[in-house]
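Asks: Below, each chain spelled out in residue letters.
2 protein chains.
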Amino acid sequence: MAASTTTALAPVSFQTHPDRYRHWKLRFEGDLARLSMAVELNGGLREDYELKLNSYDLGVDVELADAIQRIRFEHPEVRCVVLDGALDRVFCAGANIVMLRTSTHAFKVNFCKYTNETRLSIEDASAHSGLRFLAALNGTASGGGYELALACDRILLVDDRNSAVSFPEVPLLGVLPGTGGLTRITDKRKLRRDRCDVFSTLAEGIKGKRAVEWNLVDGIAPLSRWQETVTKWARELADSVPVRGTKGVQLDAIETPYRHVELTWDEATRVAELTITAPASGPQTHSSDWWVLRAFRELDDALLQLRMNLPHIALVLLRAKGSAETVRATDALLAEPKDWFVSEVRQLVKRVLKRLDLSSKSFYAIADEGSLFVGSFLELALACDRIYVLDDPERPIEMGVTELNRGHLPMSNGISRLETRFLGAPEKVGEILGGADAARELATFAPDAIDWDDELRLAIEERSSFSPDALTGMESNLRFAGPETMETKIFGRLSAWQNWIFQRPNAVGARGALTCYGTPTRPEFNTERT
Amino acid sequence: MAASTTTALAPVSFQTHPDRYRHWKLRFEGDLARLSMAVELNGGLREDYELKLNSYDLGVDVELADAIQRIRFEHPEVRCVVLDGALDRVFCAGANIVMLRTSTHAFKVNFCKYTNETRLSIEDASAHSGLRFLAALNGTASGGGYELALACDRILLVDDRNSAVSFPEVPLLGVLPGTGGLTRITDKRKLRRDRCDVFSTLAEGIKGKRAVEWNLVDGIAPLSRWQETVTKWARELADSVPVRGTKGVQLDAIETPYRHVELTWDEATRVAELTITAPASGPQTHSSDWWVLRAFRELDDALLQLRMNLPHIALVLLRAKGSAETVRATDALLAEPKDWFVSEVRQLVKRVLKRLDLSSKSFYAIADEGSLFVGSFLELALACDRIYVLDDPERPIEMGVTELNRGHLPMSNGISRLETRFLGAPEKVGEILGGADAARELATFAPDAIDWDDELRLAIEERSSFSPDALTGMESNLRFAGPETMETKIFGRLSAWQNWIFQRPNAVGARGALTCYGTPTRPEFNTERT
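Read top to bottom, the protein sequences are chains A and B.
Under this note's numbering, think of the first position of the first sequence as 1367, with each following residue one higher.
Under this note's numbering, think of the first position of the second sequence as 1367, with each following residue one higher.
By construction, these hints were calculated from the structure, which means they are not laboratory data.
Be aware that one or more of the hints could be misleading.
Identical copies carry no separate label here, and so any pair may be met within one copy or between two of them.
Result set (EDC-like, lysine to aspartate or glutamate): computed pairs, CA atoms no more than 20 Å apart in a straight line [unchecked claim]:
1) Lys1554 / Glu1785
2) Lys1556 / Glu1793
3) Lys1794 / Glu1807
4) Lys1554 / Glu1793
5) Lys1556 / Glu1579
6) Lys1794 / Glu1769
7) Lys1598 / Asp1584
8) Lys1794 / Glu1579
9) Lys1598 / Glu1395
10) Lys1575 / Glu1807
11) Lys1556 / Glu1797
12) Lys1556 / Glu1785
13) Lys1556 / Glu1807
14) Lys1418 / Glu1406
15) Lys1554 / Glu1579
16) Lys1687 / Asp1757
17) Lys1613 / Glu1440
The model shown is predicted, which means the values in this text are computed figures rather than measured ones.
Produce the entire structure from the sequences given, and follow the hints as far as they go.
Replies: Printed below as a string of structure tokens:
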């Protein structure tokens, strides 16, 4: 239905390892990590485009996300990460245009969401792991390339009379810089809006002193003193934060079948079932075998499978099961982390829950016999669009809070899921944290044993009968009540506009700007302003 | 290019008068106003749809906006406005579906923007004129009908076993309730998000006690005590606020040619020129002839003409001219209003400036010879995407602040345009308010006499060459840096998603839900979740 050509994509894997990276070089020198972008021309997820000039596709970003995650877990000694480009005089040209042009609308939207999450994970590592990121722009950073730099703490640009930072999307492609760029120049780097306007319409970008004056970058350095300046800045950044730890924890591979998570689905009904289980016992080990780390990494992978490889699934029935004792004991550790590793695990749990909040599927939490929606697992229920609780004394469920629900796992709007839910009755938050009957207070519906099956069946059938787009739009509005942050603005405002533009003939039609870019054909616009 | 059928629309007039209302009955009884919706079946702006069941089109909303404005200016004795439906057991069925289906995408988007502004004008009158609004739902309020009620201070629903409030958009039409509804149920009435989810997917809506329990309405009353309860609630609301004044100011008709504003355009270049001029002298009169009231009402009309009747105009060159003395004297009055009327005028200036912020055209402020961007006129420049200042000592311009720039004309993000511009350098706000050279501090570009013509010409030509959609998305992101409010969420998040959905085949394609509604054809969805 869209004008774009669809090339079938093999299932995307979100698991990788530095030994298998094709697009990044990751090196460690003491408390510095150097992550160099060296995108393999023919290493794209599909074969019908070349990743020229360090342009990227989803596969490149999966490796980047993996690298950030591994630095946090496997290299606590690192205090500063230097991101640069391994090509001569090129940092990164942004998302690959041919890839975008030939992808379906759904893929483009999910691709942008994932790359946004990766950039936010850089900012999350800065805010919560005390890691510092230096974007060392050894050459031009365009579009998504500059957006990647914007996610870093500091930006240094080479001053070689050529290299610039730029957003060529509006003037050349008829779309937006959609990976947070328009939000970060106004709300993070706080450029004047008229300068943002000029910058975002200037295909060749801005370089040198003006880039510094406008606060597009933090500094420039001539080629002759490039490495020296990068090293100096990296050193300063590293020295500005304490050392987290010395011995890292290797992240084992996540493979299916998962250990603590189960994902099944039915293509015909478009319903998936996602169940997370806390094992009966699980002493904390300083390893990636710690059940909660593994369980949430598996959950993360399952959510990405649902988004990217199971696009037709409409509704996910989410269940939590297992040992309440284990969850309570684990949550107690996570609520007051005694070391960097436990702290990292909590941040990961937080990020996975955010990934759930931002997944364009409908989620029903199903609290039926044996269910365990307690603490971190209660957050899963609170992230769902509805909570169905079986009201049957003979088949009890467990639902309640732990210390973790006291704001330790905030949503992207900056407040807890309980606070978001009870914006209109904030006293309820205190009551539930104080031990009020959570199942009673939180159930959307609580059918008894007689009605349970029918009511659930109808609710499930109904959900998958609705327009998938209307559900996506509705959920994007209802899930994020209350305050907005840079993060919610990126997903709620910027991405919504980008989704709109990505669908418009002026971008993707036969004579749309995205379609025509790099071809001899000039774009032709429907000139109506809407 | 869109799947919708386009029926040519005669130019829309945004000027009306109660004597000419076709869809509303406006009556006054002491300090109460009663505004009854009685939509004329064949009174639509086009002849190819019937406005059944108090459904509305733009013409109905133009009258509503006019009524709210006139109550504020012409009836300062009014303390409470009762909104009800004049049809039996029907309040309002929302926006007319056939109208939506047969409108262009651009028209739908601009229609929704205008109706959103009208609803926000109700909340603005409540917040700043001390008017109270009672939605007396004498029958079912669906979709836009319930969204209108949500803009009121209190909602009373008749309890007749039938009448409900509802959002049937997602389940029946495959689109969103796009007039602020999804934002107001979460952020104004603060329903729990799971209940928002249920409510927004329940075509038949919610009635009676449950509607009260969920805070969808503030109360219910049986038919037998309906009028009595409406009167009692209206009385209580009126008594809760002070009387503003006794003698109103009649709003004269706005006609072209305007007196203080000039709008010209060139279809070929897609550039319009909009100039506002302060007259040489203008003592305040308690009449609609006061220049500033008239000038901003004319500007408001000009902006609506640009949006709705000149859709192909890409760029507006905005100039301000005239007597600095007049502007300074007027601003001094507006900054410290001595009576309700002057206060109302300031609120109107504020709303017109917001309309400019939200108009999907590019705006360049042009400060060339004789320009007067001072005080309220400086806000116009600050609302523009760029400010071009002629740097020529022989052709001086005037640019500077008055008391009004000290936060008296806030943007919809809740802060001033100066604060928004200098998010990254808040000390600049104080410097400019303290008398720093505003032209120097605020100019985006300041070419000298030699470069002026060429530089401006190039900037103008370039702007109109860009994708109109990309510009709309870009400007929507860059104009609203900093905090978000319910108002910015409505235009930035909710509307962006609605624009996206309005463009999608699942809504407007041959088998889309909006297309099929009310026909024997069932919708068929592309089931990919994006």
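Asks: Taking the earlier hints as the rules, which of them does this structure contradict?
Replies: Violated hints: none; all satisfied.
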